[in-house]
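**Student:** Spelled out from the first residue to the last, the chains are:
Number of protein chains: 4
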Amino acid sequence: MIIVMDGKTPEEKIKHVIKRVEDEGLKAHLSRGTEKIIIGVIGDERKIKIDQIKAIEGVEQVMPILKPYKLASREFKKEDTIIEIDDVTIGGKEIAVMAGPCAVEDEERILETAKAVKKAGAKILRGGAYKPRTGPYAFHGLGEEGLRYLARAREQTGLLIVTEVMDTRTVGLVAKYADILQIGTRNMQNYPLLREVGKIDKPVLLKRGMWATLDEFLLAAEYILSEGNRKVILCERGIRTFSNFTRNTLDLNIIPAIKKVSHLPIIVDPSHGTGRKDLVPAMSKASIAAGADGLILEVHKNPELAVSDADQTISTEEFAKLMKELKPVAEAVGRTL
Amino acid sequence: MIIVMDGKTPEEKIKHVIKRVEDEGLKAHLSRGTEKIIIGVIGDERKIKIDQIKAIEGVEQVMPILKPYKLASREFKKEDTIIEIDDVTIGGKEIAVMAGPCAVEDEERILETAKAVKKAGAKILRGGAYKPRTGPYAFHGLGEEGLRYLARAREQTGLLIVTEVMDTRTVGLVAKYADILQIGTRNMQNYPLLREVGKIDKPVLLKRGMWATLDEFLLAAEYILSEGNRKVILCERGIRTFSNFTRNTLDLNIIPAIKKVSHLPIIVDPSHGTGRKDLVPAMSKASIAAGADGLILEVHKNPELAVSDADQTISTEEFAKLMKELKPVAEAVGRTL
Amino acid sequence: MIIVMDGKTPEEKIKHVIKRVEDEGLKAHLSRGTEKIIIGVIGDERKIKIDQIKAIEGVEQVMPILKPYKLASREFKKEDTIIEIDDVTIGGKEIAVMAGPCAVEDEERILETAKAVKKAGAKILRGGAYKPRTGPYAFHGLGEEGLRYLARAREQTGLLIVTEVMDTRTVGLVAKYADILQIGTRNMQNYPLLREVGKIDKPVLLKRGMWATLDEFLLAAEYILSEGNRKVILCERGIRTFSNFTRNTLDLNIIPAIKKVSHLPIIVDPSHGTGRKDLVPAMSKASIAAGADGLILEVHKNPELAVSDADQTISTEEFAKLMKELKPVAEAVGRTL
Amino acid sequence: MIIVMDGKTPEEKIKHVIKRVEDEGLKAHLSRGTEKIIIGVIGDERKIKIDQIKAIEGVEQVMPILKPYKLASREFKKEDTIIEIDDVTIGGKEIAVMAGPCAVEDEERILETAKAVKKAGAKILRGGAYKPRTGPYAFHGLGEEGLRYLARAREQTGLLIVTEVMDTRTVGLVAKYADILQIGTRNMQNYPLLREVGKIDKPVLLKRGMWATLDEFLLAAEYILSEGNRKVILCERGIRTFSNFTRNTLDLNIIPAIKKVSHLPIIVDPSHGTGRKDLVPAMSKASIAAGADGLILEVHKNPELAVSDADQTISTEEFAKLMKELKPVAEAVGRTL
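Protein chains in written order, with our numbering: chain P, 1 to 337; chain V, 1 to 337; chain X, 1 to 337; chain C, 1 to 337.
Extracted from the complex, chain P is given alone in its bound form (with noise of 0.2 Å):
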């Protein structure tokens, strides 16, 4: 930590820098110069209340140089954490494609589609059951009776099952359906509801928040690390920028930069992050040019008539077609599909 003063402080609020440093077991280094006075902090600055230094007359700025978070981080694990479900691997050569429809509606659409991208070669079908919505008076999904259809489809095509929970109140039952729990990104602060899925035994989905800096998107990630749950799976899903031909800006740059400081699989959602379903193939082989570890899509059998994000959707023939020309990115980067 470095604590930048002004050169003019009087020197006892200098000592009482200081003194507050050591007071909890650490080094400080000082360097007078004649417009600032810069203290280096040597030792786990994590123990130091950065907003209380600042608070002290004469302390300008207050700047951390260790990274806030530590079990997602490169520095606590070297090797890239692959997550292992039944024979689908996440974060390792393969990539992971995960597809279906924004939210399940009836048994036999989901399992249609199930088929579908099964067929295509995706190991993992997504579909909500329970829907975050703007607003109060839209769908909001099917509840445990999603789960149920969700479950059956699996049954029928093997396919693996991600799935979102809101609610620390469904944790458990979502979980008792679920292959993999998605956080989405709403909730990517729901720090209650994160501290929850971080006690139970399966794969986390943890999506960035659309308002996320890279750090707090780790952060989130080592709540749930935190509570013993070492599987997280990180998700890029677009950003709130001005920009307007998109719903969201979806943030390629994201990726190459968490695989730079964690060790966590990244996947990317271009279907959330762009909001246009004719942005999707494009958007989606760029992000396993940019070394994603996976593609979360949204896929229907009809999309004209799915009940939310119809605009966004693509027919399974589409997605069969993009996951075509999906192969021959994968390989050009070193990966398999």
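The list makes no distinction among identical chains, and a pair is therefore deemed to hold if it is satisfied within one copy or across any two copies.
Subject to a maximum C-alpha distance of 30 Å in a straight line, what follows is the list of computed DSS-like cross-link-like pairs (lysine-lysine): (1) Lys327 x Lys93; (2) Lys13 x Lys27; (3) Lys8 x Lys70; (4) Lys47 x Lys78.
Just so you know, these hints were derived from the structure itself, not from any lab.
Model the placement of chains V, X and C on the given structure of chain P, informed by the hints.
**Tutor:** Okay, now just chains V, X and C, sitting in the frame of chain P:
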């Protein structure tokens, strides 16, 4: 609702769109241009799934023209909502000031601060017993113990209590102690939580999500209102932008904009909104001049020792001085303080 | 400046960094931790090229601690800069109000508006003769003819004239007619233009780029100041964010923030800042309460017929009413109007 | 264009709007609902001043439905624009790679880098003779001397030259030396400059303003096209967002989005787009996979000594390695390199 289609769309697709509209009991008015076809939809457009229409071949844009929220709108309720708790009103002529520390730390300190802010003119005491923190290793509040200290401060000072609730499972507990329940910025789209506080009979202070548009903000309020709780207080607390001299960009524009479309009261949190105690006085005055119904401020007897948000917390002395400065500003815009 | 290196960096690389620092005549203080090495640089850090240091192996972060601007800073000049033109002051106790149409349309209309805003209390007339328009097919202003009409309006009303200059080749021409030269938001980083207006002896109204940080804003001012022109008036006019109920997000936070680090006066443009005439009155009051030194407002005799920005332009009647409402707000914060 | 009016608007105001529309030779179709009145405008809506209509009492929204640009649109020109300079094509099957230092520093160094990038497969040399720098005290380029060094490098290597022009007064000079003129991000809305490069007969590389929407980007291109220069190459280079792990947020979504609405070629600048050399390889691959027509990369013989942008500049060795990795990605999406 307006549907724009490509001018070269085959006739059958145009008819298909019109049929979809009429099937919902609405009327469709067709205007044909050479480049584009415009279909004006007359009736309760909320019945139509925009995404589905967008997914039809030939459809280029679907633009809703009615507001997506109802109960929160001025159309639904013309007069300003004034929330009365004991002798305090929020949304009326009087500016409501809520003040106190970020987190409740211990009984003595919260009492000390409570007495000081009471003396300076605050009517409501803020203080967190459950704290959402970006990282899992920070101080997360005293829980029910903190709530008890707040209740004790109420007994001794007569101040009302506003405190945050983060988990559907603790809504009942927090409601037992608090006069106003706060939903924090990170939970603005935590829909199960919104529904839960919508079922209780106490006012809810709903903070704007740092990523939320005006419509999303009012739709979050709509979740609470639609469950039966009509006592919602909106709160602007800064949004995420590229600008980096403040922690967030406090967006005062939303005050007059909300007043135009909604009857709900709106207050401002300049402490979180700027993240800088040196900007709090100016932005407090600006908030009131812009038409805010109140302020929520972080105040601590000794900011340097505050366990969280110390750098954006003003001292009780600074608060007393500010209250004096706010009075003439309130009067200049026809309010009292 | 602070340089943070990886704790495992080979000794020779550390020495290399220290040598680079010392070669520029600065001192380097080394603090060794296990995870990180901190090098505190004491002296005029502006001599060091940050990018080059960052490019050295082992260097993880380089953090400047001095402000990147000099002449614009409070350190350079303690007292507020007060710009005097005839009997008008900008930056002093008096609030300076500039008002007029977006574009000069014809002689009669500009005169009419000039007389009305003068009567209501404005001291400065705004009006564009050269208009930056997003598309090439819009009205781009009357050019020199427009400047002549403005001069005519000055003669007849005694109002000062502020008008925009967009091209290095017309700075001389505009300076011949205008009392204050305006640099528009799109040109905030048009460096040849900044240098050119830095060479003339008339005040410059510098609008914040809609993408500009506080530091970039003051560095743009520094370009003008460093050429010798010390009469720079800053102007907040809204930034680009995700928020869509306003055309831009008027960022009033910058007013007290600028006052802290710079001696330059700062005014606000709520017309462009919000893009909504219905928000102009509230945001004008808020600007003054936040400490702004003035306002620049779009006012037109008949907004419906304004050739540009009609939707954010208030009528002369609305302006007269607003001026009356602003007076008590100005007085509440110790200013006059 | 669609005009939405309040359902309770007096009849005369509705007629007034219709008259305004018809006065411009367009047709108005009226649809009356209880809450809102919709007026569909058929014809060349660009004749109508949106702002003026918005300023009429009762008008709530005015929504254009035609694209604001013409010459830049796919409607105007169906086939992709392919720009040919000598034996290099931009916008065709081949991926165009432009590489070189941020700034031209001296003759020897630019030659050295030119030879290295040529050998690795680049066809175009980038290098700044006029440099836009955030502060006035930084290195601003060698001016014409730098242009001469670039010309020398072209003679010796056969590489084409792309270099920036910042001032209307030097367009002729830069055009004398350069094969492609670059308009930098800060000047994307410097309209006099756009018009000036629109009058010359050399291709223009137009960088997206870091604040620009897709429409504004294409409208800037329209300025150049409308002056007669049809050789415009678009370039994505990162936008301003809250995200802080990159200097800018490289927005690859714009590549497929531009391809849909415009015939112009688009390339990507991952060096400025991310500001981090460690992200350049992954984002270069992603750009090509997303459909970009080329790349512009900062490459230096010894990045640590580059006078500007050293931290985002890759070495000539890294560039050679990257070119090899890009080849299979280009082929995977049907392109050559």
